[in-house]
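Colleague: In order, the protein sequence lines correspond to chains A and B.
For the first sequence, our numbering assigns the number 1 to the initial residue and increments by one for each residue that follows.
For the second sequence, our numbering assigns the number 1 to the initial residue and increments by one for each residue that follows.
No lab work stands behind these hints: they were computed from the structure.
It should be emphasised that the depicted structure is a prediction, and the values quoted were computed from it without experimental measurement.
Some clues are possibly wrong.
Copies of the same chain look alike in the list, so a pair counts if it works inside one copy or between any two.
Stated by the list, open to error - Lysine-lysine pairs mimicking DSS-like chemistry, simulated, CA-CA at most 27 Å apart:
hint, residue 1, residue 2
1, K254, K158
2, K158, K353
3, K348, K256
4, K256, K278
5, K87, K256
6, K348, K278
7, K158, K87
8, K353, K87
9, K353, K278
Protein chains: 2
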Amino acid sequence: MADATRVSGNPGDSLLLTDLYQLTMLHAYLEHGMTGTAVFEFFVRRLPERRGFLVAAGLRQAIEFLEQARFTPEDLDWLAASGRFPKDFIDRLADFRFTGDVHAVPEGTVLFADEPIIRVTAPLPEAQLMETRLINILHFQTLIASKAARMALAAPGKLLIDFGLRRAHGAEAGLMAARASYLAGFAGTATVPAAPRYGVPVYGTMAHSFVQAHDSEELAFEHFARSRPDSVILLIDTYDTEAGAEKVARLAPKLKALGIPVHGVRLDSGDLAAHARKVRAILDAGGLQDSTIFASGGIDEDALLEFGRSDAPINGYGIGTSLTTSSDVPAFDCAYKLQEYAGRPKRKRSEGKATWPGRKQVFRRYNADGVMRGDVLTVEGDRQGGEALIRLAMRGGARVGALPALVQARAHCAAELARLPAHLRRLEAGPPYPVEVAPSLHALADQVDRETG
Amino acid sequence: MADATRVSGNPGDSLLLTDLYQLTMLHAYLEHGMTGTAVFEFFVRRLPERRGFLVAAGLRQAIEFLEQARFTPEDLDWLAASGRFPKDFIDRLADFRFTGDVHAVPEGTVLFADEPIIRVTAPLPEAQLMETRLINILHFQTLIASKAARMALAAPGKLLIDFGLRRAHGAEAGLMAARASYLAGFAGTATVPAAPRYGVPVYGTMAHSFVQAHDSEELAFEHFARSRPDSVILLIDTYDTEAGAEKVARLAPKLKALGIPVHGVRLDSGDLAAHARKVRAILDAGGLQDSTIFASGGIDEDALLEFGRSDAPINGYGIGTSLTTSSDVPAFDCAYKLQEYAGRPKRKRSEGKATWPGRKQVFRRYNADGVMRGDVLTVEGDRQGGEALIRLAMRGGARVGALPALVQARAHCAAELARLPAHLRRLEAGPPYPVEVAPSLHALADQVDRETG
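Just chain A, same shape as in the assembly:
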């Protein structure tokens, strides 16, 4: 077969975007009449050393996926032509819809290991087939929101902008990263379609190529300012950062006479804090005390903390690769596991991968000052003190009520981060956040082991 793009549209919109074994299992389930109610939960198995907490994200896209999930006629034609499945099975796929319930924590909620991000309750074939794409959506957005939250905590009061589309892993990763980082506290993104798609504010300056294409840096600055008089942020490190700042200071009065203010400059290479100090002095001496300094280039939360400690005169940061690939932790150890089938709790006992059975709830307790004190992981219906985090989000295949707008989820996330224990808020080492497993959940696990042992 030729390597041509024979299928168009967003690959994520089709149920064919799955692992082959989901289809073979679906076939076997239907052949053997295994259509009882299944309960799956998606959770992170363990927190990496550099992640003291998670921020749940992607629920809206997960729900949109479940509401719209179907096979297209082209998908079914291809499956039929592949010869892998009988015609009666493919005919059943044509009518396949998700009709189940979803419980989940709201987007922007802080979570820890073993705590479900989402629970799917549906006929086994439906709940099974949703696995791959649900993980694909929820894992990635949770990964990025968890990384972005660290940056937001490391740079309070600074303007953080996502610059990472180019090195994100494909188009959808770039867009979802723009959304998840805004949810977790970024001010916006450079990725244009994140505005029409998600309502994320977009920001932009200029590139080195703009400066290089001109015969002189001065001319490049002047051209840019005349074309974009409302947002003059000049990139000054193409040849020599301080020399670039001097040129800005010399150009500013001329622009001012034309009614064009210089809003600021961007640095993108070298020792950013050291350059920022020198540049600040040059700009101030040139009467540009109100201009801002924006920095980019290889920045992560460690760099942000260091800039904060040294009180570097930088007003905002453009952050790319480390954000949109979550480069220190590019994946979580997470799973979407069968916890109950046909009324019977289930548990996987594979070495190092054992899971807690049954439908679960998380209760969170707070200190008097509002700071999170600890969670209890228990079975649904077990009443514990504190706030229940997992809530009904879909019933019978349709969403329950309106989903929060992204700005509301963003405000919820900010409130959550403010309630983290101090060492987690400061990204410092310390005791892991306490997540207690309730006696009722221990008892259920013992019961399941006896039954399948």
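Starting from the structure of chain A, add chain B where the hints point.
Modeller: The following block gives chain B in isolation, referenced to the frame of chain A:
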């Protein structure tokens, strides 16, 4: 604005999938009549410690993007409504097409730092606007092909299957990873749409949930075998790996009587090599000497090398997260840089990010036994001994000749990997592969520095 998905279709198909600054620069270029011919090159700046070489990938998708690149009416409506740009600029965008030339190395070619993967020669506004998505496509596929090639070299003769869609960063990442890993030597993928889209063979077994949903493991195995009689690979680690193998051995005669052969088993947890030895003995004792053992779960090229050294009786591997996120190196330090404008070579001199100016060519030399000896990076037109790697791929916005089919690119990649120096083929530390910068390129850099100095 609400967080609704107001725009449908594949985000990667629209020119709006870019950084905002590309549009602001475009506006400034057009306002100031800067439409001269620009030459940009895309290359990896330096190789990470765990990457002795790169495998170029993604050229087909890059060319398809350039051929189809345009703004949709919805994109233009949104841009107009955003108030960021004047109407005459937006009108010009409606007719925007890529009309330039592309030179590139064929997909599957081995490359090193500073060597261009692609060169774009086009009017400055066009070449500039293509930057973000071109990097987004070429960086990711090259990242994954380079990772997959290490795995292919670490496990000669083994069946390697991509299992990584769920933890890939979004839908497109999963699909592109399936393609890039097949290109670099994988046998196939579990990701279904990679077959209709790219012609990649698809593979699949069963999940733990399938076993868990049944009242007994034996019944799960039998149901699966009866539904999928042509490809019975049974997952045996849900509860106890060796006990699972014993069940397979007991079930096999019954299935054989029904005409259903047991092809093999899959292990997914614990010490895979140790389990594989015990399982091999159990299967052999049960008369299943022809069955295969397939392993998955946290495997990377280091694990593959270790399995090879200990001669673990494993026939194939399913590899997920480490492949599709390139988890040890989730991004390359790469750049798409302006090398020439309006006939004048250009160069960026930012600290630690200086680039070689001008249009470049790479010549590769081989030893008598066919092994790569070293490359020369030089200016286009400079004749050096050896094979010229960079070739014309598009002229005037249209591809030149047919692109190789994916299977051809895969064969080219296999031939390339076979010609790597021995220590790179064995993934061992050793001297970096020699890439010499020709005197003519040094001279050009000096000339550019004098002119912009």
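Colleague: Hint by hint, say whether it matches the structure.
Modeller: These are the hints, each one checked on the structure:
With identical chains, the CA atoms of K254 and K158 are never at most 27 Å apart, being 30 Å at best within one copy and 68 Å at best between copies. In this assembly of identical chains, K158 and K353 lie within 27 Å of each other by CA distance solely across copies; the values are 26 Å between and 40 Å within a copy. Taking identical chains as interchangeable, the C-alpha atoms of K348 and K256 are never at most 27 Å apart, the minima being 69 Å within one chain and 29 Å between chains. Taking the shortest alpha-carbon separations for K256 and K278, only the intra-copy value of 23 Å comes in at or below 27 Å, while the best inter-copy value is 80 Å.
Taking the shortest Cα distances, K87 and K256 sit within 27 Å of each other only across copies (26 Å), while inside one copy they are farther apart (73 Å). Taking the shortest Cα distances, K348 and K278 sit within 27 Å of each other only across copies (21 Å), while inside one copy they are farther apart (59 Å). In this assembly of identical chains, the alpha carbons of K158 and K87 never lie at most 27 Å apart, being 59 Å within a copy and 34 Å across copies at closest. In this homomeric assembly, K353 and K87 never come within 27 Å of each other (Cα to Cα): the closest approach is 37 Å inside a single copy and 58 Å across copies.
In the homo-oligomer, the alpha carbons of K353 and K278 lie at most 27 Å apart only across protomers (20 Å), although the nearest pairing inside one protomer, at 53 Å, exceeds that limit.
Hint compliance for this structure: hints 1, 3, 7 and 8 are broken, all remaining hints hold.
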